[in-house]
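Sequences listed follow chains A and B, in order. Note that my numbering has the first sequence beginning at 635, numbered continuously upward. Note that my numbering has the second sequence beginning at 272, numbered continuously upward.
These are calculated hints, taken from the structure and not from any lab test. Being a predicted model, the structure only gives us computed values, none of them experimental. Glycine included, each C-beta is placed from N, C-alpha and C at the ideal position. Careful: at least some of the hints might be erroneous.
Computed Cβ-Cβ distance ranges for the label pairs, DEER-style [stated by the list, open to error]:
hint, chain 1, residue 1, chain 2, residue 2, range
1, B, I386, A, Y676, 31 to 39 Å
2, B, D317, A, E656, 31 to 39 Å
3, B, H342, A, N682, 37 to 45 Å
4, B, Y376, A, R680, 40 to 48 Å
5, B, T382, A, R680, 30 to 38 Å
6, A, P721, B, V293, 47 to 55 Å
7, A, G654, B, A419, 29 to 37 Å
8, A, R661, B, L327, 46 to 54 Å
9, B, G420, A, H718, 36 to 44 Å
10, A, R680, B, D368, 29 to 37 Å
11, B, L327, A, K717, 24 to 32 Å
Chain B stretches covered by chain A per the calculated footprint, using a threshold of three residues with CB under 8 Å from any CB of chain A [stated by the list, open to error]:
hint, stretch
12, 367-373
13, 383-393
14, 445-456
Here are the chains, one letter per residue:
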Amino acid sequence: MLLIRCPWCGLREQAEFSCGGEAHIVRPLKPDELTDEQWADYLFMRDNTKGWQTEQWVHSGGCRRWFNAQRDTVTYKFGISYKHTDPKPEDGD
Amino acid sequence: MFEMAAMRSPLNSLHGEDVPHVEFNGITLTELPFLRHYNVRFQPDDQQASSRFRQLLGFDAPQGPNIFVVHEDNLCAWLGPDEWLIVTPFHAKDSLDYALNEFAYGDDFVTRVDISAAQTIIRATGPKAADLLGRGVSYDLHPRNFQAGSCIQTVLARASVTLFAQSAAAVTIDIVVRRSFAEHLWNWLVDAGQESEFHSL
Ligand SMILES: [Zn+2]
Chain A
635 MLLIRCPWCG
645 LREQAEFSCG
655 GEAHIVRPLK
665 PDELTDEQWA
675 DYLFMRDNTK
685 GWQTEQWVHS
695 GGCRRWFNAQ
705 RDTVTYKFGI
715 SYKHTDPKPE
725 DGD
Chain B
272 MFEMAAMRSP
282 LNSLHGEDVP
292 HVEFNGITLT
302 ELPFLRHYNV
312 RFQPDDQQAS
322 SRFRQLLGFD
332 APQGPNIFVV
342 HEDNLCAWLG
352 PDEWLIVTPF
362 HAKDSLDYAL
372 NEFAYGDDFV
382 TRVDISAAQT
392 IIRATGPKAA
402 DLLGRGVSYD
412 LHPRNFQAGS
422 CIQTVLARAS
432 VTLFAQSAAA
442 VTIDIVVRRS
452 FAEHLWNWLV
462 DAGQESEFHS
472 L
């Protein structure tokens with residue numbers, strides 16, 4: 635069973651969570667000044683990292699809070715989970 | 272106005288007009304209908320709101336995670352860093368209603384929502400109650416891990432539930448479930464309790 639650590643509730647089964655894609659993508663401050671290419675880049679283009687990446691997760695079957703987590707896209711191993719207000723940590727081990 | 276006689280619980284339909292109650296293999300299931308449920312939200316680091324809460328309700332909202340407190344008629348459970356569930360008996364609803372209205376009044380960052388009609392509680396009692404629920408919950412419900420005073424929000428038989436460990440000695444676990452899932456969950460619990468391992472009591 636794959637366990638994911640919610641920063642509030644602790645370790646829980648993966649079935650209680652949903653993934654919201656890559657984390658730390660900043661919404662442009664002035665979207666109306668962007669070119670179509672820049673807007674498309676913000677909306678659609680992702681790093682698609684092989685290895686450790688940081689992702690947004692939501693504890694939908696529990697406290698319903700969003701948080702960020704490190705995950706290795708090759709091994710599915712989870713690293714640190716942290717709140718949005720916490721700084722982005724170094725890549726996992 | 273509400274009349275008790277006119278009220279129907281989410282599980283009434285299974286048992287005519289009676290409160291659902293079933294016993295099998297040392298496990299008792301019963302509904303705790305017509306309790307009043309309130310969802311309350313405020314920022315725990317908001318000193319004014321916190322002290323107003325204490326003043327009006329007589330206790331502190333638990334800072335969690337995964338715990339609940341009982342103070343007189345009220346049970347208050349941590350649901351998230353800024354969210355709580357308060358459950359109170361029908362007869363105490365007016366005083367709690369008043370306190371929560373006072374608490375939220377004039378504060379844009381405080382909410383209280385009466386969700387009594389949205390959910391109900393199934394109480395599972397008996398030495399094997401934790402084992403029965405364990406058939407559908409991945410969380411470790413053994414009393415050494417899920418001690419009295421703990422509450423968790425999780426998924427039980429694909430239904431979102433909040434579980435309260437009421438008493439370790441008698442193993443009483445209360446299951447808060449949305450009304451539309453109540454009948455499914457009740458039937459699932461009764462069915463799961465027929466498994467052979469529960470017959471040996
Ligand atoms: Zn959580």
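Checked hints:
{"no.": "1", "hint": "B:I386 to A:Y676: 31 to 39 Å", "verdict": "holds (37 Å)"}
{"no.": "2", "hint": "B:D317 to A:E656: 31 to 39 Å", "verdict": "holds (33 Å)"}
{"no.": "3", "hint": "B:H342 to A:N682: 37 to 45 Å", "verdict": "violated (52 Å)"}
{"no.": "4", "hint": "B:Y376 to A:R680: 40 to 48 Å", "verdict": "holds (46 Å)"}
{"no.": "5", "hint": "B:T382 to A:R680: 30 to 38 Å", "verdict": "holds (35 Å)"}
{"no.": "6", "hint": "A:P721 to B:V293: 47 to 55 Å", "verdict": "holds (52 Å)"}
{"no.": "7", "hint": "A:G654 to B:A419: 29 to 37 Å", "verdict": "holds (35 Å)"}
{"no.": "8", "hint": "A:R661 to B:L327: 46 to 54 Å", "verdict": "violated (39 Å)"}
{"no.": "9", "hint": "B:G420 to A:H718: 36 to 44 Å", "verdict": "violated (29 Å)"}
{"no.": "10", "hint": "A:R680 to B:D368: 29 to 37 Å", "verdict": "violated (48 Å)"}
{"no.": "11", "hint": "B:L327 to A:K717: 24 to 32 Å", "verdict": "holds (29 Å)"}
{"no.": "12", "hint": "367-373", "verdict": "violated (count 0)"}
{"no.": "13", "hint": "383-393", "verdict": "violated (count 0)"}
{"no.": "14", "hint": "445-456", "verdict": "violated (count 0)"}
Of the numbered hints stated above, those contradicted by the structure are hints 3, 8, 9, 10, 12, 13 and 14, listed in ascending order.
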